[in-house]
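Visitor: What follows is each chain in one-letter form.
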Amino acid sequence: MSMPLAEEHEVQHLPVEFADEKESIKITGFWMFLVTDVLIFGSLFSTYAVYRGAVAQGPSANQLFQMGPVMLETLLLLTSSFTIGLGIYAMRKGNVKALMGWMLVTILLGAGFVGTEIHDFVSFAAIGATWHTSAFLSAFDILVGTHGAHVTFGIFWAVTLLFQLKKRGITAQTARKVFTYSLYWHFLDIVWIFIYTFVYLNGKIV
Amino acid sequence: MPSFVSYLIHTLFPPSVRLPDILLIDVGLVFGIIGIVVFLTKTGRWGSLWRDWLTTVDHKKIAVMYLIAALLMLFRGGVDALMIRAQLAAPGAHFMPASQYDEVFTTHGTIMIFFMAMPFIFALFNAVVPLMIGARDVAFPRLNAMSYWLFAMGAALFNVSFIIGGSPNAGWTAYPPYTGLAYNPGPGENYYFLALLIAGLGTTMTGINFLVTTIRMRAPGMTLMKMPMFVWSTMVTSALILFAFPPLTVALAMSLFDRLFGSSFFTLAHGGMPMMYVNLFWLFGHPEVYILVIPLFGVFSEVVATYSRKALFGYPLMVVSILAIMFLSYGTWVHHFFTMGAGPGVNAFFGLSTMLIAIPTGVKIFNWIFTMWGGRIQMTTAMLYQLAFIPTFVIGGATGVLLAVVPADYQFHNSYFLIAHFHNVIIGGTVFGLLSALYYWWPKMFGMKLNERQGRWAFWLFFIGFWVTFTPQYFLGLKGMTRRIYTYPAGFGWHQLNVISTVGALIMGAAFVVLVYNIVWSLRFGERDLTGDPWDGRTLEWALPSPVPEYNFARIPVVHERDAWWAMKQRGQSLAGSLRAEDVHDVEMPKNTPIPFLIGVSFFVMGFGMTFKWWPIAIIGFIGVILCLLFSGFDYDDHHHLKADVIRNTEASLGRLQG
Amino acid sequence: MSEHGNTALTIKEAYEQDNDKGLKFLRPHFAEEKFPAVQIAGYIGSLVLTFAAYFLVMNHVLPPAALLAIILALAVFQAGLQLGVFMHLKESRGLAWQLIPLYLVFLIALGMVGMSIWIMLFKSGVS
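Protein chains in written order, with the working numbering: chain Z, 1 to 206; chain E, 1 to 659; chain V, 1 to 127.
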């Protein structure tokens, strides 16, 4: 962890989003926001962990979860995380067209994820598994729902960024905005990995 | 139509709150608002209100707004306290109905913690932290303004409950199942949850803002170990806010969803566990206690060093102990509910971790005492609060260790012993610290000193009133008087002690009146601070003129040692008079914006709509929030350049320009 | 490039300007990106980890407790992959300050979940 600075760092210039001091401070600030969000999800995971068995008269995790849609959602989100990563790669190369292309792909994959998730929730509601039914379902709905709301917000955010990129190209400010957006998106991917593991797969272990 | 009107009246003014006093206050409020509107119109100040205050992003002005809000809320919370004491002064008393008593102690606690102490602390952060670290503003000035307006609108929403719909009545902790719809159908608890969610959002942003400010905005040369202690305490408090507020947000949101959208988090019938709320609430609540006191540890470290005219004793140890407190404060939250029935392992763990915190706190106490040792102590009002703080906080801390002994806690739990303990640390630590800071930094904020003689009167009244109020409460607790009790029969032997306590509360009320008189008097006749350094201070804020110009530093200072300003003075340097015209350059300043204010208003509208489940209003507020976010996303015009000439002229008129 | 008029610095120069450059464990590190091989490897890695967890669970290869421990370990590993490969965890102008709150918050989140489960077991003989 405490490697010395690499040799190329003596000649390598800061990427554009870090080159401007004010913008780089905003990136630090965004990391701090992500820290608070980790704990939002931490609290939701705590609640889910405690309420896992509190199924009352409702279905249990094992009865409820269908792994098909879950695997599809996982695949969509993992891929979108990869595509926004390629977008940042393109941005660092100064290629605004490629950046916008990858962002568009990310948006579409994200929309596919949200669509699948909504479909999943609707099918649960159809068999009476709403969050009124049991504490377990309340905890499940708020955990997965908060994540889904984050993804939905991220989609709208990316759309506004596309307009800004189209108008202004890659500047210190737009690059910083896209970079923080990518941090947000990868972070949601990490949260989903834990939902996938701790909620869905864990529900199938029993 | 008539049925709609009667519905409106019934919802807004349910029979339980249609009391003469509240109607009287409603009328008074209406006249008050009309009076303010007429005053602003007649003196033509609407424009200046909008330009200088509502749209400002200047941290110094935001500090003033926080301070005004905090003092107003101190008044409101104090009146609540006096009403509680009036009700308890005699056995079998019916000073007010039981339902209203429940509302009064709930609003007292909530307002004092969230809407008095927190904004007062943020007023201090805003007023001095950028000055202490040699910066021109905080890291995110617009976010800072937004934090303020979210806090202000949260506070406003909470206070509206008093006049429309009925106040929350489940204590400041709002434990379910009593906050569930089944037991608490009115809008009061909705107000509580929504107001705290909105204000909490603002607080989280403040935490992010000041953490990044202290990390990234320090003047060249100011390494971590050269930061003033108050900056350290700001950094640690901000980190605590980051880690503490999310669990609160989640707990509040879950309770709110149970009430508004029929989820089953805390309703027993569907497997919910009310104790899970308690767990999450105190996951926030215990770090919150340290959020409330660590900034004041910073204040005391500055005050004691300045008025003892000595460097702070054991600075590295102070840093280590403040960090130790930060870590330990995350491992103690169960001591607020030892009696819930967790296993002995759980209680033993959290009892021990609670006692451990006494060690770093003790280290700090000794360091303050050693700082005074051999110093030339000046007995100013700020220093008096410091001297009062040490024994008061030690006694409050010691009773806290008693409460941490689990078997004993089964007796003390939710008795007046607990009430006395936490007032002893929160008033003895936080409020004494806030008042000390008020006297210490007032000249920097407003350009004149607070009158010392009046200040000493306020201090002695407050200090004596405090002990007279809370000493009897320890004994009341040991005699079995429980928290939130409405009234008691005559034969329990509680009467005399309660009378003494009420007398003490009246003395504290008198202290508040003297304090307000002191402030008003000093604003008109107070001694002007012409040097900018009235106390012969040690840290960079005293290098600047009072009040501080918009851009703070005409030239960013370079820091070489701890207590940078003191060291400069020792070397015969000063920022005043040494500034050369060619060293002044154009300065980039953040531009004023109405968005933070408008987003606050939108949140208020949304919260108000949700409180009464009036969805159209809530949706209007929500759309307002979205529009504000969209607008600020596309707004690239966020700064302007202050010309070097303007700065030169200002500095010259202050006599600070060379030649 | 910058709209605020800063001159472009090298990564090393920015680091040298930092007040606290003595904190060696916060040294920034930027990936040198010629071809997005790291991203592709990261993507494939996360897919492998995801499906490995899926097959372990669906075939019930181990007792439940061991299975849960293993898939959680896989998740943590995959989170580290995302942070390192895609989130440019150690990139910063000057010191990578975000590392401290990040490590802390993972500790706190883990403690929060673990302790909450422990506390809410209600293992008291009397209550």
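Incorrect hints may appear among the rest.
[Stated by the list, open to error] Quick list of in silico lysine-lysine cross-link-like pairs, BS3-like style, CA-CA up to 25 Å: (1) V:K123 with E:K226; (2) Z:K166 with Z:K97; (3) V:K123 with Z:K22; (4) Z:K22 with Z:K167.
None of these hints come from the bench; they were simulated from the model.
Visitor: Hint by hint, say whether it matches the structure.
Guide: Taking the hints in turn, this is what the structure says about them:
no.	hint	result
1	V:K123 with E:K226	48 Å, violated
2	Z:K166 with Z:K97	9 Å, holds
3	V:K123 with Z:K22	52 Å, violated
4	Z:K22 with Z:K167	21 Å, holds
The earlier numbered hints that this structure contradicts are 1 and 3.
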